[in-house]
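From just these sequences and the hints, can you work out the full model?
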Amino acid sequence: MKQAKSVVEIWLWGGPSQLETFDPKPNAPRDFNGGLKAIPTNVPGMEVHEWWPELAKCADLYSIIRTMTHRHNGHESATYLMQTGRLPGGGEICPAIGAVISQAKRGSYGGEFPPYVILTSAKGRFSEVGFLGADAAPLVTGGQPNSARFVVDGIVPPAGVTPEIAKRRFEMLAEIDAWRPSEGSPNASLAAAFDAAGAEARRIAEGDAAKVFDLSLESAETRDRYGRTTVGQSLLVARRLVEYGVPYVTFNHPGWDSHKRHFETMKRRSAETDVAVAAFLSDLKSRGLLESTVVWMGGEFGRTPKVGWEPPWNGGRNHFASCFSMLVAGGGFKGGCVVGQSDETASKPVSRPVSPQDFLGSVYELCGIDPDGPLPNRQGKKMTVLPPQSEAGRLREIYA
Amino acid sequence: MEMNATRRAFIGGAVAFAAWPATAAEQCASPSPAPSPWETPDGMATDSVMVRRIYLDLAGRIPSKDEAKAYVLGGRPSRRKELVERLLASDDFADYWAMRFCDVLRVKSEFPINLWPNAVYVYHGRIRRFVKGNESWASFGRALLTSQGSDFRDAEVNFFRATDRRTPEGWAEATAQTFLGIAPAELSPERRAELAAYFGNVRIKNTREWKEEIVYVDGPDRRGELCERLFSGARDEVASAFRRRLRGWLFGADSAACADGGTLKVKDAIREIVLSDEYARGSVTGGFPARRLDAEVLDDAFCSLGGAERKYFSPAPEPFSFLPPSRRTVCIEDGSISSSFLTLFGRPTRDTGLESERGSDVTAKQRLYLFNSGSLARQIDNMVKTSGKKAGFRERIDDIYWRLISRAPTAREFGFLDGERKRRGKRGWSEVPRELAWSLVNSKEFLLRI
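Top to bottom, those sequences are chains A and B.
Heads up: the first sequence begins at 1 in the numbering used here, then just goes up one per residue.
Heads up: the second sequence begins at 401 in the numbering used here, then just goes up one per residue.
Listed below are several chain B residues computed to face chain A (Cβ distance under 10 Å; list not exhaustive):
1. 438
2. 512
3. 715
4. 736
5. 831
6. 845
Ranges of calculated distance between the beta carbons of each label pair, as one might list FRET restraints:
7. 380(A) <-> 720(B): 32 to 42 Å
8. 612(B) <-> 174(A): 57 to 67 Å
9. 397(A) <-> 591(B): 44 to 54 Å
10. 754(B) <-> 229(A): 38 to 48 Å
11. 474(B) <-> 218(A): 51 to 61 Å
12. 71(A) <-> 754(B): 26 to 36 Å
13. 653(B) <-> 370(A): 29 to 39 Å
14. 754(B) <-> 167(A): 36 to 46 Å
It is worth saying that the hints were derived from the structure and are not from the lab.
Values in this document were obtained by computation on a predicted structure and should not be read as measured data.
C-beta atoms are modelled at their ideal positions from N, C-alpha and C, and glycine is treated no differently.
Right under this line is the structure:
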């Protein structure tokens, strides 16, 4: 099996509703589906919610898992579980899948910034790198991709700093930074490390790294196709990062925790995300990158199938982990498939339940990482990438 | 005013240098080298280095230009002792050292400690009072270890909550780590079991208030006995662990080893170290260990120089809480409130309470950020703009040096900068100060406590 080179994670932060995404229930009562419909896709028999018309046109590029399931309805625990395959506790913080994959693949990545890039802010509820430590830390870009100039603080120089000015500054720094501890002292090794870090940083600053984030190098037509939204332009940056060879890219897409006024929020969020993800998958496909890039989209859980119409919810859905959906594409995942079937209200799996470990284990496998292999850690403990588990649940029925 | 101060800088400097012993033979042998801005010929730190060192270690911030000048140019023989006393009594001291103790006591709202915000604020307040009130580590420890009650009202009970293992074994490890300086990995099974036995009857229960918990003892309470053993019987072990910790914070982990017992009062113990001869050594030949500024201190330095750009908020509980930008970063009570800047510069996550959580190395990522950051560039620009538009070139350069590294430029440094100004013609007047500020911010002398 060919290994996937890169992974793009589209994290729908807060828990997106399974019913208004990839497990619509048009025949359920209005208290469950809000009176909304499903639409057919270009793959016969495969339906998505009516708010995802662009993805409906390219369902052959991705597959849907409708029976993701676990038992944790709090954001923190569920996020940790979906990111690490483990439950919190036991005195250590495990690394997220992004940290593990990017560390495993860093040897074959020759880029000038970390092999793990997060657009644009970290999840923040726990440290993504866990015990792997600062060395495995992602580049968290900050900034706004959907602006005239996407400034990645620290990588892209501030407006007005030309290469010529930058060069002059380095010359002045060399002259001014004169503190030199006597040779052989501990301070001398600190000073040497300081200078070595500076030399490496200067090499990066003067290299091509900034161009990867420069969306002005894309045509207006391409930028429009992704949508002039944060999600659209972020995924365009993600595609450029994949082309550059970054092994793991996360786009943290907030705003899916729709306790209140769920339908208004979902409609808006779905529209821009639908356009962006469809453009992203098609673009990867046409550039020949989809086969080597795993794309996955989902959150820590789904939402309660029964709508709370009464105040204070006013049409809201709460946290729901028993049954939720996930989109996967590329990198060895087949397109046009549906895994698992939920009951008539998307409340529980009827067939083929998929655990977070089954899901993560599949992504690891496609990246050439054995989920039962060792996970390096500073404490020297014997740990495996995922907790010991059966491999029977992995999504091998949709491996290409 | 500005001119006078600058002139006094030269005079003050000359007096200090003239006071150095130099034999007639030495003077004949060679023209004396330019005096070092960092170290006296006998290997002691200069006043400029000392004032910055003392402010960083006691107040958790760099001194302002006026504070630095008052110390360096003031010339009173008792100035070091007076400054130390003034800072020990200040709120800045309490804030900074409370932050240090909150690191090791794992004060954070969220995963994996899960104190939650109300308890974080109450516990932080108690820890700050321990620092501010010069309380003894033993009496503070006794208050923590024998506490009972609500995490919202009885701050000390949060000692039992601030661990991801709320069991007798977990509390045994927390006790050994906090009071004996023994990390969980180094704690022998026998000792763990011995300590755990004192916590056998400690329980935690919920109330109907969201996130309120009650710590109580169900059966005989043996914790008082433990305190007798820790703080009376085997007092030396606790005292030397405490002083090792303080020395580690001030001199680095490597110099922490040789610490004897002594006072357990927090301010008194810190005062003793900061007034010692060892603390006044130079960092070039004198062996005083340099250390990169803490993430929080660096953030505060940039904000105080060029205006606050920090935007801290807490995502738990919803609705989010936002901290006012005027708030010093060292004052953030909650370890769960962070930023990518703080992460980059090694702020501890407060997950384990181990001192090694705080990153103090200098990495390429950090230096790249300092080279290139837009928000830092704006702060540097703001700083240069306020360095006296109408002032002369010399005053502007002096101002930038004093504000960033608490001294005037040496003759060599000023000569270089003035040469640059002349070389660049009219543009040099604005370009050189801005590039100088950028260079100093990226220099060892600014980024390290030397």
